[in-house]
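There are 2 protein chains.
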Amino acid sequence: MSPPDGTGAFTPTDRSRVRRRPQRARYDEAAVYGILDAGVMAHVGYVIDGQPFVTPTAYWREDRKLYWHGAAASRMLATVAQGAPVCVTVSFLDGFIVGRSGIMHSLNYRSVMAFGRARLISDLGEVRAAMDAFVDRLYAGRPLKLRPTTDDELRRITLVEMEIEEASAKVRDTGPGDLPADEGWPAWCGVFPVETRIGPALPEPGMGTGGAPTPDLAPYREGARLDDTLAAAAAAYGLPVST
Amino acid sequence: MSPPDGTGAFTPTDRSRVRRRPQRARYDEAAVYGILDAGVMAHVGYVIDGQPFVTPTAYWREDRKLYWHGAAASRMLATVAQGAPVCVTVSFLDGFIVGRSGIMHSLNYRSVMAFGRARLISDLGEVRAAMDAFVDRLYAGRPLKLRPTTDDELRRITLVEMEIEEASAKVRDTGPGDLPADEGWPAWCGVFPVETRIGPALPEPGMGTGGAPTPDLAPYREGARLDDTLAAAAAAYGLPVST
Chain Y
1 MSPPDGTGAF
11 TPTDRSRVRR
21 RPQRARYDEA
31 AVYGILDAGV
41 MAHVGYVIDG
51 QPFVTPTAYW
61 REDRKLYWHG
71 AAASRMLATV
81 AQGAPVCVTV
91 SFLDGFIVGR
101 SGIMHSLNYR
111 SVMAFGRARL
121 ISDLGEVRAA
131 MDAFVDRLYA
141 GRPLKLRPTT
151 DDELRRITLV
161 EMEIEEASAK
171 VRDTGPGDLP
181 ADEGWPAWCG
191 VFPVETRIGP
201 ALPEPGMGTG
211 GAPTPDLAPY
221 REGARLDDTL
231 AAAAAAYGLP
241 VST
Chain E
1 MSPPDGTGAF
11 TPTDRSRVRR
21 RPQRARYDEA
31 AVYGILDAGV
41 MAHVGYVIDG
51 QPFVTPTAYW
61 REDRKLYWHG
71 AAASRMLATV
81 AQGAPVCVTV
91 SFLDGFIVGR
101 SGIMHSLNYR
111 SVMAFGRARL
121 ISDLGEVRAA
131 MDAFVDRLYA
141 GRPLKLRPTT
151 DDELRRITLV
161 EMEIEEASAK
171 VRDTGPGDLP
181 ADEGWPAWCG
191 VFPVETRIGP
201 ALPEPGMGTG
211 GAPTPDLAPY
221 REGARLDDTL
231 AAAAAAYGLP
241 VST
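As you go down the protein sequences, you meet chains Y and E in turn.
Numbering (the working numbering) for the first sequence: 1 to 243.
Numbering (the working numbering) for the second sequence: 1 to 243.
Treat the hints with caution; some may be incorrect.
A pair holds if it fits inside one copy or across any two, identical chains being indistinguishable in the list.
Computed list of lysine to any residue pairs in SDA-like fashion (alpha-carbon distance at most 25 Å, straight line) [claimed, not checked]:
#, residue 1, residue 2
1, Lys145, Ser106
2, Lys65, Ile48
3, Lys145, Asp182
4, Lys145, Gly125
5, Lys65, Ala236
6, Lys65, Gly177
7, Lys145, Gly50
8, Lys145, Pro213
9, Lys65, Leu107
10, Lys145, Leu107
11, Lys65, Ser122
12, Lys145, Asp14
13, Lys145, Val171
14, Lys145, Ser16
15, Lys65, Thr13
16, Lys65, Glu126
17, Lys145, Pro203
18, Lys145, Leu179
19, Lys65, Pro143
20, Lys145, Trp185
21, Lys145, Ala58
22, Lys145, Pro176
23, Lys65, Thr79
For the record, the hints were derived by calculation from the structure and aren't laboratory data.
Here chain Y stands alone, though its shape is the one from the complex (with noise of 0.2 Å):
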């Protein structure tokens, strides 16, 4: 058992021990929840008759719970509802590697893979529970300002929760590195960061709710950091925010 305060770590085994470059991995929590809270889409693999599927689908979590939903008709969430083998994977580009030679090229990433087996949640006061819990924790407050879902509506949603088994995270966020060969040669070599920021807000048209965002969406401010975005909108919520 975890201490409920993020503060425990994952246990590697076989299946979630980072073999490639172990030293830029992590099993904590505060390294796995920080790059799970940075994401809203997660890929979600699995298996159907020996075939993999990898499907993006959006996402969110509570503590070591997962959460994600659609439609009925998803074979996707169909799969995964029978309690089968996930793999849910979150990762973030964040650089282009420049190096002096062609193998020192490479990127710079956040990822986390996060292994368990996801169960349908069923009960209706549940499933809304959920639900609003996810527009809450993007847009807090918001819940309560919206026309409020009907029971119908929330049968027709498959709603999956996965508790993580096993989690590893890693990260890779320096330059290139340099080998004694590459000593003196003339290329340019660093890295160019890459940036995900939100753009220009887009009132939808003849809904007569145009004009500036409410207060709630405050964190959706134009040019903000995806994660700053994200981290602000935990922290009204209430969520922990990880580090």
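Add chain E to chain Y, keeping to what the hints say.
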């Protein structure tokens, strides 16, 4: 067979046909290649003993082939190089969709799922050509400026090639939908676009190659959209640009 000019299409089967919201799906090479060529990091899905794994990795495309590489110690490469079925997914988060009811909240995105089986490229000449192509495709003309890669270095690289057997693209790029029940509800609604751009270059200190990046690196100028950067790099390399 498909014409070599990128105007063909993939034939969806049960494996690749999009079930959810098929109106968002495309199977033509232009759509699939356009998304694949806008990224540098893919999520490779594979199966070991029934357990799915999703590993983020750098990749590039040439015609109907995808390439990626790593070190010999990589479990992912060891698995896929044996010809196991693989799903390679590339996706981009393009925006937050904010509706007037909880269920109308969504994300804008572009994604491709590509299916196939990879093969190991072991011929040293082929490895050299492919690794040069990867650098050249990102930074046109750069391989000629770099300290040449040695055969020993090439031998430590595991490189695989996957012919794309099937692929589907899926795109959501519109505003929030609206339901009759949402009518007149006074919550702001619209889209917060997500923009990914190149940040300020960070020359590597102490390598005597500081200062402004050389002209081969022009597409990586500060503020450029990543899409535009990769399109400009592809054009400079001579890759037919997908639309």
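Structure-based check of each hint:
no.	hint	in the structure
1	Lys145 with Ser106	between (46 Å within a copy, 17 Å between copies)
2	Lys65 with Ile48	both (23 Å within a copy, 24 Å between copies)
3	Lys145 with Asp182	between (60 Å within a copy, 11 Å between copies)
4	Lys145 with Gly125	within (19 Å within a copy, 63 Å between copies)
5	Lys65 with Ala236	within (20 Å within a copy, 45 Å between copies)
6	Lys65 with Gly177	neither (37 Å within a copy, 29 Å between copies)
7	Lys145 with Gly50	neither (45 Å within a copy, 45 Å between copies)
8	Lys145 with Pro213	within (13 Å within a copy, 50 Å between copies)
9	Lys65 with Leu107	between (29 Å within a copy, 21 Å between copies)
10	Lys145 with Leu107	between (42 Å within a copy, 20 Å between copies)
11	Lys65 with Ser122	within (16 Å within a copy, 42 Å between copies)
12	Lys145 with Asp14	neither (47 Å within a copy, 41 Å between copies)
13	Lys145 with Val171	neither (38 Å within a copy, 29 Å between copies)
14	Lys145 with Ser16	neither (42 Å within a copy, 39 Å between copies)
15	Lys65 with Thr13	within (19 Å within a copy, 34 Å between copies)
16	Lys65 with Glu126	within (14 Å within a copy, 45 Å between copies)
17	Lys145 with Pro203	within (17 Å within a copy, 48 Å between copies)
18	Lys145 with Leu179	between (58 Å within a copy, 16 Å between copies)
19	Lys65 with Pro143	within (21 Å within a copy, 46 Å between copies)
20	Lys145 with Trp185	between (61 Å within a copy, 8 Å between copies)
21	Lys145 with Ala58	within (22 Å within a copy, 42 Å between copies)
22	Lys145 with Pro176	between (49 Å within a copy, 16 Å between copies)
23	Lys65 with Thr79	within (18 Å within a copy, 29 Å between copies)
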